[in-house]
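Assemble the whole structure, with the sequences as input and the hints as a guide.
So the protein lines, in turn, are chains A and B. Under UniProt numbering, the first sequence is numbered contiguously, ending at residue 446. Under UniProt numbering, the second sequence is numbered contiguously, ending at residue 446.
Watch out, some of these pointers could steer you wrong.
Just so you know, same-sequence chains aren't split out, so a pair can sit in one copy or run between any two.
[Unchecked claim] Think about it this way: if two alpha-carbon atoms lie no more than 20 Å apart in a straight line, the pair counts; the simulated DMTMM-like pairs of lysine to aspartate or glutamate are:
| # | residue 1 | residue 2 |
| --- | --- | --- |
| 1 | K20 | E144 |
| 2 | K20 | D33 |
| 3 | K20 | D145 |
| 4 | K20 | D288 |
| 5 | K20 | D282 |
| 6 | K20 | E120 |
Simulated from the structure, these hints should not be mistaken for lab results. Predicted model only: the values in this text are computed from it and were never measured.
Letter by letter, the chains look like this.
2 protein chains.
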Amino acid sequence: MGLDLVLEESPETAVHPLRKDDLHPSLSDPVLDTMTFLNEVTHRFPDAISFAPGRPYDGFFDTEQIFTYLRRYLDHLAAQGATEQDVRTAMYQYGPTAGQIREIVADSLRKDEDIDVPAESIVITVGAQEAMLLVVRALTAGPEDTLLVASPCYVGITGVARLLGVPVTAVEEREDGFSRADLEAAILRERARGRRPRALYVIPDHSNPSGTTMDLPTRHALLEVAERHGILLIEDSPYRRVSPGTPLPTLKSLDRSRRVVHLGSFAKTVFPGARVGFAVADQQVVDDEGRTGLLAVELAKIKSMVTVNTSSLSQAAVAGALLAGDGRLSVLNAEPAAYYGDAMRTTLRALDARLPEARRTALGVRWNEPTGGFFLTVHVPFRADNAALTRSAQEFGVIWTPMTYFYPQGGGHQALRLSTSYLTTADIEEGTERLARFIEAQASAS
Amino acid sequence: MGLDLVLEESPETAVHPLRKDDLHPSLSDPVLDTMTFLNEVTHRFPDAISFAPGRPYDGFFDTEQIFTYLRRYLDHLAAQGATEQDVRTAMYQYGPTAGQIREIVADSLRKDEDIDVPAESIVITVGAQEAMLLVVRALTAGPEDTLLVASPCYVGITGVARLLGVPVTAVEEREDGFSRADLEAAILRERARGRRPRALYVIPDHSNPSGTTMDLPTRHALLEVAERHGILLIEDSPYRRVSPGTPLPTLKSLDRSRRVVHLGSFAKTVFPGARVGFAVADQQVVDDEGRTGLLAVELAKIKSMVTVNTSSLSQAAVAGALLAGDGRLSVLNAEPAAYYGDAMRTTLRALDARLPEARRTALGVRWNEPTGGFFLTVHVPFRADNAALTRSAQEFGVIWTPMTYFYPQGGGHQALRLSTSYLTTADIEEGTERLARFIEAQASAS
Numbered sequence: 001m002g003l004d005l006v007l008e009e010s011p012e013t014a015v016h017p018l019r020k021d022d023l024h025p026s027l028s029d030p031v032l033d034t035m036t037f038l039n040e041v042t043h044r045f046p047d048a049i050s051f052a053p054g055r056p057y058d059g060f061f062d063t064e065q066i067f068t069y070l071r072r073y074l075d076h077l078a079a080q081g082a083t084e085q086d087v088r089t090a091m092y093q094y095g096p097t098a099g100q101i102r103e104i105v106a107d108s109l110r111k112d113e114d115i116d117v118p119a120e121s122i123v124i125t126v127g128a129q130e131a132m133l134l135v136v137r138a139l140t141a142g143p144e145d146t147l148l149v150a151s152p153c154y155v156g157i158t159g160v161a162r163l164l165g166v167p168v169t170a171v172e173e174r175e176d177g178f179s180r181a182d183l184e185a186a187i188l189r190e191r192a193r194g195r196r197p198r199a200l201y202v203i204p205d206h207s208n209p210s211g212t213t214m215d216l217p218t219r220h221a222l223l224e225v226a227e228r229h230g231i232l233l234i235e236d237s238p239y240r241r242v243s244p245g246t247p248l249p250t251l252k253s254l255d256r257s258r259r260v261v262h263l264g265s266f267a268k269t270v271f272p273g274a275r276v277g278f279a280v281a282d283q284q285v286v287d288d289e290g291r292t293g294l295l296a297v298e299l300a301k302i303k304s305m306v307t308v309n310t311s312s313l314s315q316a317a318v319a320g321a322l323l324a325g326d327g328r329l330s331v332l333n334a335e336p337a338a339y340y341g342d343a344m345r346t347t348l349r350a351l352d353a354r355l356p357e358a359r360r361t362a363l364g365v366r367w368n369e370p371t372g373g374f375f376l377t378v379h380v381p382f383r384a385d386n387a388a389l390t391r392s393a394q395e396f397g398v399i400w401t402p403m404t405y406f407y408p409q410g411g412g413h414q415a416l417r418l419s420t421s422y423l424t425t426a427d428i429e430e431g432t433e434r435l436a437r438f439i440e441a442q443a444s445a446s
Numbered sequence: 001m002g003l004d005l006v007l008e009e010s011p012e013t014a015v016h017p018l019r020k021d022d023l024h025p026s027l028s029d030p031v032l033d034t035m036t037f038l039n040e041v042t043h044r045f046p047d048a049i050s051f052a053p054g055r056p057y058d059g060f061f062d063t064e065q066i067f068t069y070l071r072r073y074l075d076h077l078a079a080q081g082a083t084e085q086d087v088r089t090a091m092y093q094y095g096p097t098a099g100q101i102r103e104i105v106a107d108s109l110r111k112d113e114d115i116d117v118p119a120e121s122i123v124i125t126v127g128a129q130e131a132m133l134l135v136v137r138a139l140t141a142g143p144e145d146t147l148l149v150a151s152p153c154y155v156g157i158t159g160v161a162r163l164l165g166v167p168v169t170a171v172e173e174r175e176d177g178f179s180r181a182d183l184e185a186a187i188l189r190e191r192a193r194g195r196r197p198r199a200l201y202v203i204p205d206h207s208n209p210s211g212t213t214m215d216l217p218t219r220h221a222l223l224e225v226a227e228r229h230g231i232l233l234i235e236d237s238p239y240r241r242v243s244p245g246t247p248l249p250t251l252k253s254l255d256r257s258r259r260v261v262h263l264g265s266f267a268k269t270v271f272p273g274a275r276v277g278f279a280v281a282d283q284q285v286v287d288d289e290g291r292t293g294l295l296a297v298e299l300a301k302i303k304s305m306v307t308v309n310t311s312s313l314s315q316a317a318v319a320g321a322l323l324a325g326d327g328r329l330s331v332l333n334a335e336p337a338a339y340y341g342d343a344m345r346t347t348l349r350a351l352d353a354r355l356p357e358a359r360r361t362a363l364g365v366r367w368n369e370p371t372g373g374f375f376l377t378v379h380v381p382f383r384a385d386n387a388a389l390t391r392s393a394q395e396f397g398v399i400w401t402p403m404t405y406f407y408p409q410g411g412g413h414q415a416l417r418l419s420t421s422y423l424t425t426a427d428i429e430e431g432t433e434r435l436a437r438f439i440e441a442q443a444s445a446s
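Here it is in structure tokens:
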């Protein structure tokens, strides 16, 4: 086959620009467009009060903290007998792929969460987002392997699945909670279709987006279903230590048969810019020749092809913060947790004041009442879509997130997510006032 | 379909542990095992001199530099009029997915590399490794889309392709360099098989692993082939600014038709632990409705599903270093570049002293003579495999990397890679002495 032939065949391929259709299909995922839309609305209406961003409140940050955290970690290395050369290597060189602060994180998990695992079963990641990528990639070997997600669910997990071409099956979280029966039915349906569900992704505590928390019987039921059907549970935990009160036990601390891969994030408990999270993967993996190793080792292999290792500077800052709190995120976050609890209570009280029981029943409006976390769900008697959001921002000066964004297989058309973490009390009061007016107007218009 | 039925069907699925065969096939890539093997050899023979690690020499690092760099960036923000609140947001909050130091990197590219692109066409990544993942993912839409790589090639790019299930086709780099004819032939073969090669990955300057540098006519030829056949060139550039002398122009600076995605890394020029790299992707992307945007925007969308954003702390440290050098990596790295140049020359001179021309010709040994970078290739008259490596480490106290590791489709059986970047002069002298003795012994044994 000669050159001439090909030149005739493909002159048009030399034409610029690139066609979007020629790029990976995950880039045409409507979720990406909706996020862009939300950003545009926020940009177009800068005076609107936004209940959209799931960011930590930054009033607790102080620029000098960075330096304090780093010094604290350097002191720790010195106290452990590190030489100048060791310290330079730790701070500047390529580091171990699985992370250099695993002992410190393992210690924190023991103290805070009653999760007692060896450091070797932990992989430090670039935020929990990278941990999701590693786990989903490791667990899916072929086209029949699928991921189950509690739905509505965090867009990061469905994004990872799309990026990797892994089919996602939604298991709906009902208003009265996640149900064991729904999960088992989903597993059976998947298998009947010749597919192999590998894991279920859940946020048991103060879930993003719904704000719901799984009760203890549900946690035990999930573990039992996972054990019975041979799937893993991917437990994400970003809001546990920034919520008031004592949380229920994690799935991982209840896990007696290594069915749970636990994901953690320091984005809310230390700071988001560090981009440090982790996976606890103490599952045994056995190969054809009977050699065994930890799933964490496999995750680290994948990580070596994604980010090589997590920023040593970021790891040092997070370790410094943990060491400053004697490993207890619960202690380190006592003040923020109280703050977020107040913000949530203020929001719920303000909603109740503006849309009292009788009024909201008449309208067909209701909301859940999380005791912590960053989010709550408001059900409304109209389609909470992009058009409604634009009207809300433009005419009423209040922004929220359409719940539909979080349903990978459709749903949530009449619900919206409010985030309470980033606003001041004054903005919450004014924002709920505006929201109530919008809901009244929109309900009577539809 | 009832529960009972399924319980009968799948009791064995509940059995632990996980089977390796049930994990993603990239985890069974032999390259991962060879890397493990290399690490084990290094661990088993701690007194061996190792020419294996491609790490920067860390004699130039100083712990206090971190603090100086961070302060320098904070001063820069203040000088630009940032308020205390702006600084806290920049350092602690979630940042822009595409990065917060793009202007500073764009400035550096203009000054050092004559690459003049708007900051919007840059995406700051967690090392060049993440940039490879984003680019390969973006460019591959379906199973027919393939990646071409100059072979031997960096394992990070083939790792990314395996992780994403993208077929890789090797285009062999011959001893006299990379050839336009080989590239065109590979493109034609791919198309004849119904596949669509999307891009070619190359390291034009002091390549890892071979150490070769493309001459200027080859650079122009690659651009012409890319233009003619409608593929992109992914240009990686980690060693340009840590090599002595003035490098040849980058492909990107010669690119008149936006055929080049340029990747950069600050691992060698600032420090590896920061994990900061970038992609320059100024290609236009057009969708079905005729809307256009930059490829960089699409890469950032993918990044939002991989790491959300690059550590703000790491970005601040790198920006501080760049600002301290007035944006010129060439100036900032004058001393390291001279050091690495010396190390390479010392290695070549020492090899020549131990295996002079006549002797190496008789043995069938030869090597290339890079003028910079971290690596060179030694061709030997025996199989440079794991068994040979073990003998070399055990009996001669010297470690190197088998070149076969870097051939995605086989090859390089009688070649080894030496890295000269991490060793002291004394170790280079002693190490080459040991290596010469090993080569003599192995050559006479085979």
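Practice problem: Can you give me the call for K20 and E144, within, between, both or neither, at a CA distance of at most 20 Å? | Solution: between (27 Å within a copy, 16 Å between copies)
Open item on the list: When Cα atoms must be at most 20 Å apart, do K20 and E120 count as within-copy, between-copy, both, or neither?
Closed with: Between copies only: 18 Å across, 42 Å inside.
### Message
When Cα atoms must be at most 20 Å apart, do K20 and D33 count as within-copy, between-copy, both, or neither?
### Response
within (14 Å within a copy, 37 Å between copies)
At most 20 Å between CA atoms: does that hold for K20 and D288 within a copy, between copies, both, or neither? between (42 Å within a copy, 7 Å between copies)
Treating 20 Å as the Cα threshold, decide for K20 and D282: within, between, both or neither. between (41 Å within a copy, 14 Å between copies)
Notebook entry, point to check: Which holds for K20 with D145 at a C-alpha limit of 20 Å: within a copy, between copies, both or neither?
Noted result: Classified as between: cross-chain Cα gap 14 Å, same-chain 28 Å, threshold 20 Å.
Figure legend: structure checked against the earlier numbered hints; every hint is met.
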